[in-house]
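Asks: Listed below are the residues making up each chain.
There are 4 protein chains.
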Amino acid sequence: MKISFKNDYSEGCHPNILEALIINNTSQQEGYGLDEFSLKATELILKKCSSPDSAVHLVSGGTQANLIVIAALLKPHESVIAANTGHIFNNEAGAIEATGHKISTAESTDGKLRPEQIKKILDDHSRPPHQLKPRLVYISNATELGTIYTKSELEALYQCCQEHDLYLFMDGARLAQAMMASNNDLSWADVAKYTDVFYLGGTKNGALLGEAIVINNTRLQEDFAFHVKQKGAMLSKGRLLGLQFQALLENDLFLDLAKHANQEAMKIKEAFKRLGCSFLIETFTNQIFPILSQEQIKALSEGFEFYTWHKIDEENAAVRIITSWASKESIVDVFVDAIHALKK
Amino acid sequence: MKISFKNDYSEGCHPNILEALIINNTSQQEGYGLDEFSLKATELILKKCSSPDSAVHLVSGGTQANLIVIAALLKPHESVIAANTGHIFNNEAGAIEATGHKISTAESTDGKLRPEQIKKILDDHSRPPHQLKPRLVYISNATELGTIYTKSELEALYQCCQEHDLYLFMDGARLAQAMMASNNDLSWADVAKYTDVFYLGGTKNGALLGEAIVINNTRLQEDFAFHVKQKGAMLSKGRLLGLQFQALLENDLFLDLAKHANQEAMKIKEAFKRLGCSFLIETFTNQIFPILSQEQIKALSEGFEFYTWHKIDEENAAVRIITSWASKESIVDVFVDAIHALKK
Amino acid sequence: MKISFKNDYSEGCHPNILEALIINNTSQQEGYGLDEFSLKATELILKKCSSPDSAVHLVSGGTQANLIVIAALLKPHESVIAANTGHIFNNEAGAIEATGHKISTAESTDGKLRPEQIKKILDDHSRPPHQLKPRLVYISNATELGTIYTKSELEALYQCCQEHDLYLFMDGARLAQAMMASNNDLSWADVAKYTDVFYLGGTKNGALLGEAIVINNTRLQEDFAFHVKQKGAMLSKGRLLGLQFQALLENDLFLDLAKHANQEAMKIKEAFKRLGCSFLIETFTNQIFPILSQEQIKALSEGFEFYTWHKIDEENAAVRIITSWASKESIVDVFVDAIHALKK
Amino acid sequence: MKISFKNDYSEGCHPNILEALIINNTSQQEGYGLDEFSLKATELILKKCSSPDSAVHLVSGGTQANLIVIAALLKPHESVIAANTGHIFNNEAGAIEATGHKISTAESTDGKLRPEQIKKILDDHSRPPHQLKPRLVYISNATELGTIYTKSELEALYQCCQEHDLYLFMDGARLAQAMMASNNDLSWADVAKYTDVFYLGGTKNGALLGEAIVINNTRLQEDFAFHVKQKGAMLSKGRLLGLQFQALLENDLFLDLAKHANQEAMKIKEAFKRLGCSFLIETFTNQIFPILSQEQIKALSEGFEFYTWHKIDEENAAVRIITSWASKESIVDVFVDAIHALKK
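Protein chains in written order, with my numbering: chain S, 310 to 653; chain C, 310 to 653; chain R, 310 to 653; chain V, 310 to 653.
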């Protein structure tokens, strides 16, 4: 069996979560997210973000979080602005359009969206009502390419959104990894302050499943639970989500896990650098995109699984290597050795 | 803390599931339902139903299962027929209508739908294209009132659907409980044979979450995974669903759990009978609906939680008592004693 | 060829409209409702309703008006309350549900909805978020059964809506006929005052096509044109709608037409009364519902077309007779003679 | 008042249509498209296309036609492929997305879509079910840039669609203009043969409103009327559409009108050519896109209205000049003179 660096959801969950499931298994709890664990998890998340007036809703997955937030916030004639690398545009089977909303995209080489791109899209929507009204900006942090937003970048985006009556929504499937990147200067309070809504991913950071939607704009909080229910995302045993986020937030476990994932990725990045590889893009989170020759890819594939991400030319392609909270150092060392053994 | 008989999802999961989670936690698995546990669970479900050509999709919850199946099967101008007691009509926040489909209902006093009611609704749709084209019949087994369909009833429904070009879809959130009822004469093969699609509930029968959608009509199987993904129901760690259904199906654990739930409900039913109560409806599954006086309700509420379901008159109301796989005999005995202690 | 009393859209349009089309045919006009005729029509409608702050949007048909208004006003989790006789519930091919919204109905024998029925439906939605949030009340005036709302009835409905944060929307496909009924006590200002939105029907009152949506609640006016466009209802040659409403509103032509339709219906009603008929319901607008024997229906059908509306018993059925602005007195006289010639 | 060359729907309708409206005004007709004029129009259209098994549905406008066809043909997980110049992508307020379907676009400089672009988009959808299933190709003929498809181009597109299980849908808002272009080699039979569905535009070619949807693929014909009704596009007085198409088709009036529009555009094109202008793109239909200096645009704007379409550089921009069936030769001569009078 090969070792997989294909994604960050290949394993189960952190042992603390298993333990919490075991300890609390027979406790009778209210259904639908009103259990004591969900309430505690909410409290911990709000405290972490220094944002006591935000509202938290726990759901199962990222596509679900994205479609619920967007469907809840927008009216039928309002549309979304995103980078063309955005997960909602490429990897969610049209989940957003299925709720009736168009996504207008700006081309991005690093996964990030910038204020001037937003303004350009707004300019291109100059003929109402023949063209839609862009109303929500979707960004991912970390992005789908492993890059992250700096504080000044996020602030500028939020400023731009405020000026143009746009909501700013951050997909945080890998938010903890972004926040623990060595080049990050955002605080958790910044995340809450400079977005209308964001979600904090659990699935890719130690949970079996779970994303915590955090609604910072208080005007958007009313009636949100209806949308969670209507889209089939309100678990009878909401405790399953509550317990996991409680375990992850306690003592900042989720940050330790993200830090670990990043560190292992950086080790592998170093190995590729020593080999003399260039990269599709420089990243400091748990995803790296080294450019390898077909021969190198073939050699590495004998013992390891990963995605070939992007063809560079006939000879070379960028591959994607992902680490996670579950990547053991000893396994990463084996991988590093295999990289070193590659022919240049 | 009061003991709750409010619903069958107050506790966590069966210990076998916890054990399976622990044992397999570090195994690297494919995402999105392609893990080995999901494949094994599928195999077990199909074997149980003697229906090797059926397709299985594991999702998180009942509302999710209902909306995905209905949205996948129907075209925009096709509608649903259901009993007015149906979960999709009353308890899912308009999830079906949100996918664009109307539900036409027939009044039901026992939770069941009958061929003559279907025909009546078809007759009332005699003015196409001004009226929709009913295309799918939704039933629940056990019903929302705890009753079940007999083999001849289900056969007749399916026959009626076949004659009128209607799909028959069974919501099986409590299917195991129905199948283990003392008055049941359906086999698992019958369920697969006499429905186009059904789902087997895990959440209310020992799982943390999970419903297994089983598509028996092979013409409806193509492309189904797109709909699961598009509605946000495809878990990255599909293993969580696979592991649970594997654990539940092995050695028919799920049947033992359902049988236990029913037996405990029947004990409580007997207690109410001995008290001289009448019932809103006679049931043999894990839900019972005794009619109590306000005084009796008040007395019983001191130590136990349950829903007052339906007001009968100024003095009396039907309450709903639900047991589950997790209802301990000793606790049920305490409840039985409390019932016996009620004033007639 | 038989004479038709089947509906009020069997003929073309009033000659004044033809004339306006001819006279203005070569005039170059802005598209999409910005033509001078639409602007003039808007002015005339607002003046008629003494409601200068209302906004007017002209669209082609009733189903279109209904679905645009409801889709524009409601969020995904909000639903509609209507009488079960409502056109949106029975005759629009699920147009409202296709926009994602459920319609909850109250049974009505006279086509009207009453505050206590609204309150009952609100009471039945006591479990948010598992049940939807009713947000809009749909009524028709005249109703689908030809009855009308009195001023006190409309005021009470509006009051009820205000108290429960509900929008009141009046389908006015036959509003002019209602307003010209001998038992009407509503003024046009009342209509604007006691509804959030209504529409004034042109198609059934002399136009080739056209319904004028009037938005009285100023908070609902913003961005409405987007919805008109998005649903495919914004005509390039909006002039066609503008010209017609201008012609109909000038000198209250539309009221004369409605009055004429009502009068002819009343003549026929008298004839049936003299024959000794009873009626499904007493009406004073252009629809009447006499109860006839099968023999009488057969006899009358030899020369005239009309719908058999509702079976009363084996022997008798209510038929629907509709007159319109185009019903010639001489033709109606022929019909009246035929009624008198029926066997009692 | 300036003379407008802004669009081809500035005037009313061809006198023959007015005459038909007048002559048939008092005739009693069935509603909802079952009138004798609609039946006759259908017959004429099918005969024109030598396609007796096609089905025809008359609707009011282009956005309406597009959204109905696409919503009727596609399932929720199926998407649309179009040129990025496509009307549905830029000018219909998200009407297609509002029905739940994503549009994937290929960049086009001439308004046309090519097989290799379709294949590229298909290749980019290689990860089902995470990515949608493209199922329908949308093209316009004439395109939004006034260009047209040759027979070999259309045949190649249809062939490509057949090979990849895609429907080919042609937006024919200006189809008659395309067919009468001097460089056209398509026959009407070709149009029916090489598309699954197309529509023939009336609004921009002499009608007050009206587009004729022609469904050539017989498997797509069933139940189509439901969709027309559900989207609010089924006129009570369908006669209005029937009468117009009957008048337009009789003696090929619609072709004469399109030919006239094209000829007048070509006169203007010649004038710009003589002035030494280049063009954004060469066209032979009723739209031309000469590139003018800001000074020239300003001078011409004094007497005429037209859109500035596309900025070329600081000094120059392409403008759009549209002629129509209603463009009088004498007026066009005035315009030509004005062009000649421009400074080079």
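Among the hints, a few may not be true.
Listed below are the simulated BS3-like cross-link pairs for lysine-lysine, each with C-alpha atoms no more than 30 Å apart in a straight line [to be verified]:
id: 1; chain 1: S; residue 1: Lys349; chain 2: C; residue 2: Lys311
id: 2; chain 1: C; residue 1: Lys442; chain 2: V; residue 2: Lys349
id: 3; chain 1: V; residue 1: Lys652; chain 2: V; residue 2: Lys576
id: 4; chain 1: V; residue 1: Lys607; chain 2: S; residue 2: Lys384
id: 5; chain 1: V; residue 1: Lys652; chain 2: C; residue 2: Lys384
id: 6; chain 1: R; residue 1: Lys502; chain 2: R; residue 2: Lys442
Read the hints as simulated data drawn from the structure, not as lab findings.
Here the structure is a predicted model, which is why all the values come from computation and not from measurement.
Asks: All the hints need checking, so say for each whether the structure fits it.
Replies: Status of each hint after checking the structure:
1. Straight-line distance between C-alpha atoms of lysine 349 of chain S and lysine 311 of chain C comes to about 21 Å, which keeps the hinted pair within the 30 Å bound.
2. Note on lysine 442 of chain C and lysine 349 of chain V: the hinted pairing holds, with a Cα-Cα distance of about 28 Å set against a maximum of 30 Å.
3. Proposed proximity of lysine 652 of chain V and lysine 576 of chain V is supported: the alpha carbons are some 19 Å apart, at most 30 Å.
4. With a C-alpha separation of about 40 Å, the suggested pairing of lysine 607 of chain V with lysine 384 of chain S is violated against the 30 Å cut-off.
5. Note on lysine 652 of chain V and lysine 384 of chain C: the hinted pairing is violated, with a Cα-Cα distance of about 59 Å set against a maximum of 30 Å.
6. A threshold of 30 Å between alpha carbons decides the hint, and for lysine 502 of chain R with lysine 442 of chain R the separation of about 25 Å falls inside it, so the pair holds.
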